[in-house]
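> Take a look at the letters that make up each chain.
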Amino acid sequence: MAPGNAPSGIPHLSGMSASTAGTAIRPRRASSPLDFGAVYRDNFDAVAGFFARRCVEPQVVADLTSQTFVEAVASAHTFAGRGSPRAWLLAIARFTYAQHCAECADGRQMVNRLGGRLVLGDDEIEDLAGRIDAQRDGRMLLERAARLPEGDRSALELVHLAGLTPTEAARALGVSPGALRVRLFRARTRLRKAGTDGNL
Amino acid sequence: MGTFEEGLWARLVQEQRADQVVLSPRPRRRGARPVVLSAGAAVAAATLAVVLGLSVTASTPPAYALALNSDGSVTVTIHDLTTAIPALNAKFAQMGIDETVIPVQAGCSTPGLIAYPGATMSETLTLTPGRNYLAPGDEGVLAAEQLPNGKVALTVGAQMPPLPSCFSNVPATSFPPRNSPGS
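Protein chains in written order, with this note's numbering: chain A, 1 to 200; chain B, 1001 to 1183.
Among these hints, one or two may not hold up.
[To be verified] Straight-line C-alpha distance at most 25 angstroms; calculated SDA-like pairs for lysine to any residue: (1) K1091/B / K193/A; (2) K1091/B / E1123/B; (3) K1091/B / A74/A; (4) K193/A / A146/A; (5) K1091/B / I125/A; (6) K1091/B / Y97/A; (7) K1091/B / T78/A; (8) K1091/B / T1128/B; (9) K1091/B / G1150/B; (10) K1091/B / L118/A; (11) K193/A / R181/A; (12) K1091/B / H77/A; (13) K1091/B / A146/A; (14) K193/A / L148/A; (15) K1091/B / L148/A.
[Said to hold, decoys possible] Beyond 10 angstroms from chain B on every Cβ pair, some chain A residues (computed): (16) L34; (17) A76; (18) Q99; (19) R186; (20) R188.
The set of hints was computed from the structure by calculation and includes no laboratory data.
The C-beta atom is built at its ideal place from N, Cα and C for all residues, glycine as well.
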């Protein structure tokens, strides 16, 4: 699925953080049992934002966000407490999106495990449209970063858009913190040379 | 909460009982003596994993385990060759993973799978979904062989379609250089 048409101009992402990405609460590192409801509330914006940066259809954002949390409920017993719940949820979101793209390529229809496609009310569609609109800068950044290696692009997104710390992002991507810093530096340098860094 | 956030939570509670779910961190073993983990436990310990597929019945161990790792790769372990293969292939198809598990059987007329250079048979196999490591026309294949000790060994390779229903346990000839599966 193609993101929406990006407006012209360079996005201004200076200071973009979890709060500007719609995630005002810092991810929590698990040290004691976590209530899934609290994890949901803390990380809903990050998960919905992940899909809102990639999809411009509210229905698709709703279905993929739903699918991610359904998968998280089903997989809750595997949460090992290493890394933050947000990194864990974003790993599920990444896989959900990859699966969605594969299904689109194959012409298959995504079957939502909450009983087919979610039926959204007008207020929910309006809410999601607002979330998609709020991710315009992030969507533009991903478009500008499209030519970067996937690992560099993921590092950029997880740290600058999804609100993970570099250490959490490194863990989510399965690399060392040092390697993550190299990826970030490389991504910023390339975007800066291309004049599309948006003041990262 | 925003509107959709509230609505989705209500659905999750109603249909998935999400309000009763707790994420339990694994207890840390400070100063504990190292222990030998089973293959399944080793998979869980080595990865920040999301277990995506378990063929489970109440009285028997799972036929296979499939875990999504935090880097997007998946780790596969097969415990019961006979029952795992159709279920695992169905799960791969459902997940959009273009890999096919094929059993290695004595007496099979299809020559043994030519594995990637450096690839060895192991009881757990981690690979990154995606076909960028495959040569044009090849399909990704996992060969699974029942070992005398009861374990099932796996290796990764490629095969031109049509895919066979089995591979011989007689080793095939050397494999031309290719990119590694993890690339």
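> Can you give the numbers of the hints that this structure goes against, from lowest to highest?
1, 5, 13, 15, 16, 17, 18
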